[in-house]
Amino acid sequence: MAKKTKYLNIREVQNAYEIVILSKDVHQELEEELDSVMHMLFFQTRSHIQMDLSNLPYLPLTLLTKLLNMARDLRLKKRVLVLLGLPISSYMYLKRFDLVRLVFPSPEILKESHRVPRG
Numbered sequence: 001m002a003k004k005t006k007y008l009n010i011r012e013v014q015n016a017y018e019i020v021i022l023s024k025d026v027h028q029e030l031e032e033e034l035d036s037v038m039h040m041l042f043f044q045t046r047s048h049i050q051m052d053l054s055n056l057p058y059l060p061l062t063l064l065t066k067l068l069n070m071a072r073d074l075r076l077k078k079r080v081l082v083l084l085g086l087p088i089s090s091y092m093y094l095k096r097f098d099l100v101r102l103v104f105p106s107p108e109i110l111k112e113s114h115r116v117p118r119g
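Position 21, counted from 1, in the sequence shown is what the numbering used here calls 21; the numbers after and before it change by one each time, with no gaps.
Incorrect hints may appear among the rest.
Dumping the calculated EDC-like pairs for lysine to aspartate or glutamate here, alpha-carbon to alpha-carbon at most 20 Å [claimed, not checked]:
1. Lys78 with Glu33
2. Lys6 with Glu18
3. Lys66 with Glu33
4. Lys6 with Glu29
Just so you know, the hints here were simulated from the structure itself, not pulled from any lab data.
Put together the whole structure using the sequences plus the hints.
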């Protein structure tokens, strides 16, 4: 993939593309770049998408809704969107509306500071 990005780091991993958001906050340019990359990956590949949100302190509801719509569209194509480093507020929103399975959560889905200690 030859697309240059300013706010994202994109690389191909086994059977998926990984998108790491480099920005520390959500703004219009980031959302536009993310839309562009997500749509390009959706239409030009058959791979799953893994997104690392660890650098973002929160996700605005508009961005979370876009990600959920993309996850739903990918699922219709037998692909998945995995969200890593999801802020706790976004995770609670997904859990409240029973949408967590849509983004295939793993123990790493929450930011390190929000993990519940095992014991």
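**Study point:** Lys6 paired with Glu18 [C-alpha distance capped at 20 Å]
**Key:** holds (15 Å)
**Study point:** Given pair status - Glu33, Lys78, alpha carbons within 20 Å
**Key:** Measuring from Cα to Cα gives roughly 24 Å; hence the hint is violated.
**Study point:** Straight-line alpha-carbon gap Lys66 to Glu33, limit 20 Å
**Key:** holds (13 Å)
Point to revise | Agreement of Lys6 and Glu29 with the hint, judged by alpha carbon distance not exceeding 20 Å | key: holds (9 Å)
This entry does not satisfy hint 1, going by the numbered hints stated previously; all others are met.
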